[in-house]
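With the hints as constraints, model all of the structure from the sequences given.
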Amino acid sequence: MSDNLFADYGRHRAYDEMFDRSGDVRPHCAPLFDELKRASPDQLNELQLEADKAFLTQGITFTVYGDEQGTERIFPFDLVPRVIPAAEWQTLERGLTQRLTAINLFLKDIYHEGRILAEGVVPRELLQSCRHFRREMRGVPVHGDIYVSVAGTDLVRGEDGRFVVLEDNLRVPSGVSYMLANREVTKQVMPGLFDRYHVRPIAQYGQLLLATLRALAPRAAAEPTIVVLTPGVGNSAYFEHAFLAREMGVALVEGRDLLVHDNVVYMRATAGLRRVDVIYRRVDDDFLDPLAFRADSRLGVAGLLNAYRAGNVSIANAIGTGLADDKAIYAFIPAIIRFYLSEEPILANVDTYLPSDPSDRQYVLEHLDELVVKAVGESGGYGMLIGPHSTAQQRDEFRAKILADPRNFIAQPTLALSSSPCFVDGRVEPRHIDLRPYVLFGTNVSIVPGGLTRVALRKGSLVVNSSQGGGSKDTWVLED
Amino acid sequence: MLLSRVADALYWISRYLERAEHTARLIDVRLDLGLDRRRGADEAWQFERLYAALRLVAPEGVGALGPATLVDALMFDASNRDSVLSCVTLARENARQVREEISSEMWEQINALFLRIKQAQRERTALARPHYLSRAVIEGVHLFQGVTDATMGHGEGWQFLQVGRYIERAGGTAALVDLHVKAGAAAGAGPVEWLGLLRSCAALEAYCRCYTADLRPRRIVEFLLLNVEFPRSVRFAAARVESALRTIARQIGRAAGGRPERLAGRLHASLDYGQVDEILDDPHAFLDGITRHASQVHAAIYQSYIMYPIESALPA
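Chains A and B supply the protein sequences, listed in that same order. With the first sequence counted from 1, adding 735 to any position gets you this note's numbering. Residue 14 in this note's numbering sits at position 16 of the second sequence, and the numbers go up by one each step.
Derived by calculation from the structure, the hints in this document are not laboratory data. Don't take every hint at face value.
Label pairs and their computed distance ranges (CB to CB) [unchecked claim]:
no., chain 1, residue 1, chain 2, residue 2, range
1, B, ARG79, A, ARG1009, 49 to 55 Å
2, A, PRO876, B, PRO229, 54 to 60 Å
3, A, ASP1031, B, HIS282, 48 to 54 Å
4, A, GLU1078, B, SER102, 41 to 47 Å
5, B, GLU137, A, THR1149, 51 to 57 Å
Below, in silico cross-link-like pairs of lysine to aspartate or glutamate (DMTMM-like), each with a Cα-Cα straight-line distance of 20 Å or less [to be verified]:
no., chain 1, residue 1, chain 2, residue 2
6, B, LYS116, B, ASP70
7, A, LYS922, B, GLU103
8, B, LYS116, B, GLU137
9, A, LYS788, B, ASP75
10, A, LYS922, A, ASP769
11, B, LYS116, B, ASP75
12, B, LYS116, B, ASP147
13, B, LYS180, B, GLU191
14, A, LYS843, A, GLU823
15, A, LYS843, A, ASP880
16, A, LYS1136, A, GLU1164
17, B, LYS116, A, ASP787
18, A, LYS1136, A, ASP1092
19, A, LYS788, B, GLU106
20, A, LYS788, B, GLU121
The C-beta atom is built at its ideal place from N, Cα and C for all residues, glycine as well.
Given below as structure tokens:
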């Protein structure tokens, strides 16, 4: 009975994906609500078991860092899909296309003329202190001027229900395999409900990614050789690297499979050496080439940077794109969009305070108990202070850290991320979620309709990262 | 195109699985035969022979142990690299590293086998009734082979899987026969032991169809070493190794007669033209030669396809 399942569905100040402020079911969620109302906890538990089993047998697991046993866990999966109406998706699609177009123009400008710096739109000192700025990339031509080929932008809904951009992930965004796996499993465990909705398909992601990478091939080879470069089986996203290589039908290589001779990259095959044209790398800049970056890296390929600069191989995403997802540069993205495109941003940013600015700094220090403070170089939910949930001691620590190195932090208002019904402990309860669509930038921009909806499974938690108790659910973008 | 690292991993997936199957079957047969052992003066299970059959050094005092301890050690002990669990874990680790190369069905099968053994380890029931787990392991490996044949393209990677499986099998069967011939000569092993040998190679039914249930050591040795049709005979395995290596050379456009094929061909020929009477004159020397030739084939595969020097492979 629905009374049981929804008995504890509390209302918060957050926007809820299923119920409006007066508690009525939003029209696009009605079939989903009806389905859940008819189901018993036992039935849903059974589906949950089926789904979990599917993830386990497919080995869709991640390795927990810091766990010496190397334990593999499944990424927790929530049964209840998240539904996005067609019109809303169109806005997201336009907004993301605009944002990524501007970001690619920005990266080209920064690594060549630097117009935006000369005109004072982005402060020069901010750029120079950015950890992911790569001097080695200055003046290096990048094929098609496509710096970011794959982005995984994190969006959240504010209290008013509008989507805002929380983070642009422009280096090696992960999670797309979970998006695809979630869909596959959802179709298996609830085909009836899926059929009642008209959900746009996402299975074409592999082909689109391949086309995006082909567009980067530096020489006019009829069949360019594309590889996925992985740090190896010990990496937490290894499953995804293998998955994408298989989806595209290309080789999955590790650094030790590649070598550079006369500025040409080869891979070592049983039949001999074979030239490589495009590398979809899932290895950070720092580890790509021990001769150019970190000398202790065993994940990269000696001489890769020179082969890249010689134009003999393309790397996606380009080296140095992390500059544009620096959390302090993030604050300037709306200005960057206006500067290059002369358009108003379609998707808003979250208000961001930069402690490197004296007046912002004062505001931040005075409002630590209300704000979220993030270290600019961290990701995965690490190095964060969530003001309203913090202790006085934690705030003091962050105050000291901010004063010691203001450039290293940003602060944002604590967002009430929207909540979505989730099946937890035999009941349906609201949990906070975000959305990460995957944007592909090749000869044109393509975004598969959907994305990874991450869920903060701990009650009341705002942290959706898998390393911190997060899970995910399927995301249904509806046809018009 | 097949990466050298991937070829290496595929080769080891099937070697480890073959080893796991072989070990599981030997445990099963030994524990079953042990139940029929004579009571009285010598009631020990004599697990030393099982270790010897697996080419392992038996731990001190293993002869006095009961079945549960043995199953724990050879089936589940993760610190023992040769236990069934270790072999399946290593096969799965290799499979995980080449997931884009093998089919999803293959991965799911090897993963399911691994999870099944882990579950048995947790539940401890296998210690009381080990037969069912042995069966499950053997079936799991067979299923993997079936799924492989049905879902993976029979290209170069598939051929490396064949090479690994049959090299491991040739060595395992040769070692078993060697042990039995030695023990037979020394102590005049009874029919039970020869029956055990056939069962340890899943060969009892096939042997009977060929020679009837009249178990004669000479025929048994001939069958396990030289039979041309039986898939667990050494000759059969050597033929498969040779043909897989020839196919690999052809598929990647190498000139015929490379070192791996020649060495595999020599191994195969020594079995093709072997005479059981001559072999039995000095069985140990013959079987030792088989083992040595097999490891030369292994080394040649590495030199030609996996660890070759870069200078020899660069375009001019």
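Results of checking the hints against the structure:
Between ARG79(B) and ARG1009(A), the C-beta spacing of about 34 Å breaks the proposed range 49 to 55 Å. Distance hint check: the CB atoms of PRO876(A) and PRO229(B) are about 59 Å apart, consistent with the given range 54 to 60 Å. A C-beta distance of roughly 51 Å is found between ASP1031(A) and HIS282(B), which places it inside the suggested range of 48 to 54 Å. At about 44 Å, the beta-carbon gap between GLU1078(A) and SER102(B) stays in the expected band of 41 to 47 Å.
Between GLU137(B) and THR1149(A) the beta carbons are some 56 Å apart, a value that agrees with the proposed interval 51 to 57 Å. The straight-line distance between the Cα atoms of LYS116(B) and ASP70(B) is roughly 12 Å, inside the 20 Å bound, and the hint therefore holds. Taken as a hint, the LYS922(A) and GLU103(B) pair is honoured in the structure, with Cα atoms around 19 Å apart against an allowance of 20 Å. Restraint check: the Cα-Cα separation between LYS116(B) and GLU137(B) comes to about 16 Å, which is no more than 20 Å; the hinted pair holds.
At most 20 Å may separate the alpha-carbon atoms for a hinted pair to count; LYS788(A) and ASP75(B) exceed this at roughly 26 Å. At roughly 18 Å between alpha-carbon atoms, LYS922(A) and ASP769(A) fall within 20 Å of each other, so this suggested pair holds. Only pairs whose Cα atoms come within 20 Å are accepted, and LYS116(B) paired with ASP75(B) is accepted, the gap being roughly 11 Å. The hinted pair formed by LYS116(B) and ASP147(B) fails the criterion: a straight-line CA distance of about 26 Å is larger than 20 Å.
Of the supplied pair hints, the one linking LYS180(B) and GLU191(B) holds, its CA atoms being roughly 12 Å apart against a limit of 20 Å. Between the alpha carbons of LYS843(A) and GLU823(A) the distance comes to roughly 31 Å, so the proposed pair goes past 20 Å and is violated. Proposed proximity of LYS843(A) and ASP880(A) is supported: the alpha carbons are some 7 Å apart, at most 20 Å. Distance check on the hinted pair: LYS1136(A) and GLU1164(A) sit about 37 Å apart at the alpha-carbon level, beyond 20 Å; violated.
Taken as a hint, the LYS116(B) and ASP787(A) pair is honoured in the structure, with Cα atoms around 18 Å apart against an allowance of 20 Å. Restraint check for LYS1136(A) and ASP1092(A): the C-alpha separation of about 15 Å stays at or below 20 Å, so the hint holds. Distance hint between LYS788(A) and GLU106(B) is fulfilled; the C-alpha atoms sit about 11 Å from each other, no more than 20 Å. As the CA atoms of LYS788(A) and GLU121(B) are separated by approximately 19 Å, the hinted pair is consistent with the 20 Å bound.
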